[in-house]
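Student: Spelled out, the chains give:
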Amino acid sequence: MKSYAETAGAVEVADTAVVRGPNAVVVRLSVNGTIRNILVEPRVSLLDALRDRLDLTGTKKGCNQGACGACTVWVDRRRVLACLTLAITCETREVTTIEGLSDGVHLHPMQQAFISQDAFQCGYCTPGQIMSAVAFLAEGHAADDAQIREWMSGNICRCAAYPNIRAAIRQVRDEAGTSGPDAAG
Amino acid sequence: MRPVSYSRVADVATAIGTVAADPDSTFLAGGTTEVDLQRIHVARSKRLVDINDLPLRQVEELPGGGVRIGAVARMSDVAQALPVRRRFPMVSEALLLGASPQLRNMASIGGNLMQRTRCGYFRDVAAPCNKREPGTGCAAMTGVNRGHAVLGTSEYCIATHPSDLAVALVALDAVVLTQGPAGHRQIPADDFYPMPGETPDREHPVAHGELVVAVEIPPLPMASTSNYLKVRDRESYEFALASAAVAVSLDAGVVTDVRLALGGVATKPWRARRAESVLVGAPATVESFRAAADAELADAVSHGMNAYKIELGRRTIVRALRTVTGDARMVSDDGNPP
Chain A
1 MKSYAETAGA VEVADTAVVR GPNAVVVRLS VNGTIRNILV EPRVSLLDAL RDRLDLTGTK
61 KGCNQGACGA CTVWVDRRRV LACLTLAITC ETREVTTIEG LSDGVHLHPM QQAFISQDAF
121 QCGYCTPGQI MSAVAFLAEG HAADDAQIRE WMSGNICRCA AYPNIRAAIR QVRDEAGTSG
181 PDAAG
Chain B
1 MRPVSYSRVA DVATAIGTVA ADPDSTFLAG GTTEVDLQRI HVARSKRLVD INDLPLRQVE
61 ELPGGGVRIG AVARMSDVAQ ALPVRRRFPM VSEALLLGAS PQLRNMASIG GNLMQRTRCG
121 YFRDVAAPCN KREPGTGCAA MTGVNRGHAV LGTSEYCIAT HPSDLAVALV ALDAVVLTQG
181 PAGHRQIPAD DFYPMPGETP DREHPVAHGE LVVAVEIPPL PMASTSNYLK VRDRESYEFA
241 LASAAVAVSL DAGVVTDVRL ALGGVATKPW RARRAESVLV GAPATVESFR AAADAELADA
301 VSHGMNAYKI ELGRRTIVRA LRTVTGDARM VSDDGNPP
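These protein sequence lines are chains A and B, in that order.
76 is the number that full-length UniProt numbering gives to position 76 of the first sequence; each next residue is one higher, with no gaps.
329 is the number that full-length UniProt numbering gives to position 329 of the second sequence; each next residue is one higher, with no gaps.
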């Protein structure tokens, strides 16, 4: 192996960080605006914590290896995969799931659009599709179908409802006028 | 996943000290590789040290036209950063052609550089793999190797390196900045990735407890019109079968300078120095591009199912060069595909 010039800044090696686990520890999560304390091991994914500990089963487990997008949720309003996120890393962050998307009375426009456009068959990928789609419109590059295809490619639909999913996204985009980069929220 | 303990750190010195002192620990950033590999028992750390709070998220312009990218910056943020888009579009394109929007929101730049191969045998703990368990053999040699490398291979390993970003960084002579118990190091991106040789388990020069803190891309004016071409089985959310990061400077139709690196066809992000040397001083024509591509792939080795990658690598080089030199016609004067 080649060696490279070393500069100043040697670090005195010390293990000073607080260790939590491997047994279950109290993890404090903020989910859909509510603080929830759960007792989980550090290895527990955000996906399993949501589904098995918080009874928020709207978020789906598809591949559990970051390939399908069924578990898409928001962490600090950015769309991420809950299966590759450890729950304990989400302390101090805000988690939003499909259950937190509507105001509890009216569906979110994207949820309504998925119904109106018949944008699902079996429905298993749908919560992830919707969480991804809402974030995607906020990101602001949904000008045409090619962009929708590219920026929604992280959500796989085994039923291949893609044309209707794109129609639902177009409907919300056109109703809200969020087609350009200036609409990023 | 096996049980792990967890620490969250807020400064670089604590992060380094903590991991360096605990041989069973590792850094955790975006988690898109680490959590995945822990779950399938390919990675076996007993303690994860969360570095997401470290102040390493900035993308900064450097004097003279370079860019410095913090190691914990997210792929999606770096791809959109104006200094990157303006000065090094090949970097932005390589990032945006990788993974999915969700994964790009999670994955860090340091983690991208440190990601492991996607070879299916590396990921299968029941299969022999010299990279995962030295001395056990390589199941890919006679196995399903359609996705494997044709350049830089050894009799021990033919796995490709999966990063698109690293291909662009190798083309640009970027430098990886690390900090560890022994101090700071600056490692050229090309040297960051050794050839597999007899030790494919040694994938980088980073010691246990040493942390990638940033990447610096030095100034390169011709990179402002660079591009990254990625060829794959589907148009999105897929690893490269072949890719090329390219920047060219022309004077009166003659190549005066060129940077070219390949992904998907080699065991490491592959700087195409043979092709570069053929191109410098040559006219920017399809014939020159083909000669350069032939030179680069001259020593390519197939292991059966990946034989197509030799010709695919050539064509990817030619097409990338045609695109970046403004000749985007997909059929050449003799009527054949480039």
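Since the hints were made in silico from the structure, they are not lab data.
Watch out, some of these pointers could steer you wrong.
Chain B is nowhere near these chain A residues, computed Cβ spacing over 12 Å in every case [as the list claims (entries may be wrong)]: (1) ALA14; (2) ASN37; (3) SER45; (4) ASN64; (5) GLY69.
With a straight-line Cα cutoff of 25 Å, these simulated SDA-like cross-link-like pairs (lysine to any residue) come out [claimed, not checked]: (6) A:LYS61 / B:PRO218; (7) A:LYS61 / B:PRO83; (8) B:LYS46 / A:ILE38; (9) A:LYS61 / B:ARG234; (10) A:LYS61 / B:GLY183; (11) B:LYS46 / A:ASN164; (12) B:LYS46 / A:ALA138; (13) A:LYS61 / B:MET305; (14) B:LYS46 / A:GLN147; (15) B:LYS46 / B:TYR156; (16) B:LYS46 / A:ASN64; (17) A:LYS61 / B:VAL125; (18) A:LYS61 / B:SER236; (19) B:LYS46 / A:TYR124; (20) B:LYS46 / A:LEU39; (21) A:LYS61 / B:ALA295; (22) B:LYS46 / A:CYS63; (23) B:LYS46 / A:ALA14; (24) B:LYS46 / A:ILE35; (25) A:LYS61 / B:PRO128; (26) B:LYS46 / A:ARG28; (27) B:LYS46 / A:GLN65; (28) A:LYS61 / B:ARG290; (29) A:LYS61 / B:ARG39; (30) B:LYS46 / A:ARG77; (31) A:LYS61 / B:ASP124; (32) B:LYS46 / A:VAL19; (33) B:LYS46 / A:ALA167; (34) A:LYS61 / B:ALA207; (35) B:LYS46 / A:GLN112; (36) B:LYS46 / A:ARG20.
Pulled a few chain A residues facing chain B out of the computed Cβ check, cut under 8 Å [stated by the list, open to error]: (37) ASP15; (38) ARG20; (39) ALA24; (40) LEU39.
Backbone N, C-alpha and C define an ideal beta-carbon position, used for all residues, glycine too.
Student: Verify the proposed pairing of LYS61 (chain A) with GLY183 (chain B), using a straight-line Cα cut of 25 Å.
Tutor: violated (43 Å)
Student: Within a Cα-Cα threshold of 25 Å, do LYS46 (chain B) and TYR156 (chain B) meet the stated pairing?
Tutor: Violated, because 28 Å separates the two Cα atoms, which is more than 25 Å.
Student: Has the given pair, LYS61 (chain A) with ALA207 (chain B), been kept, meaning a C-alpha gap of at most 25 Å?
Tutor: At roughly 36 Å apart (the allowed maximum being 25 Å), ALA207 (chain B) and LYS61 (chain A) break the hint.
Student: Would the pair LYS61 (chain A) and PRO218 (chain B) pass a check requiring their Cα atoms to be no farther apart than 25 Å?
Tutor: The given pair, whose Cα atoms are some 43 Å apart, is violated under the 25 Å limit.
Student: What's the verdict on LYS46 (chain B) and ASN164 (chain A), does the C-alpha distance respect the 25 Å limit or exceed it?
Tutor: violated (45 Å)
Student: Next pair to validate is LYS46 (chain B) with ARG77 (chain A); report whether the Cα-Cα distance is within 25 Å.
Tutor: violated (30 Å)
Student: Double-check ARG20 (chain A) for me: the hint is only fine if its C-beta lies closer than 8 Å to a C-beta in chain B.
Tutor: Status holds, d = 5 Å.
Student: Regarding the pair LYS46 (chain B) and TYR124 (chain A), is the alpha-carbon distance no greater than 25 Å?
Tutor: violated (34 Å)
Student: Measuring Cβ to Cβ, find out whether SER45 (chain A) lies farther than 12 Å from everything in chain B.
Tutor: Label violated. Min Cβ-Cβ 7 Å, cutoff 12 Å.
Student: For the pair we were handed, LYS61 (chain A) and PRO128 (chain B), check the Cα-Cα distance against 25 Å.
Tutor: violated (30 Å)
Student: Does the structure keep LYS46 (chain B) and ASN64 (chain A) at a Cα separation of 25 Å or less?
Tutor: holds (21 Å)
Student: Quick check on ASP15 (chain A) please, does its C-beta sit within 8 Å of some C-beta on chain B?
Tutor: holds (4 Å)
When each numbered hint is compared with the structure, violations occur for hints 1, 3, 4, 5, 6, 7, 10, 11, 12, 13, 14, 15, 19, 21, 24, 25, 28, 30, 33, 34, 35, 39 and 40.
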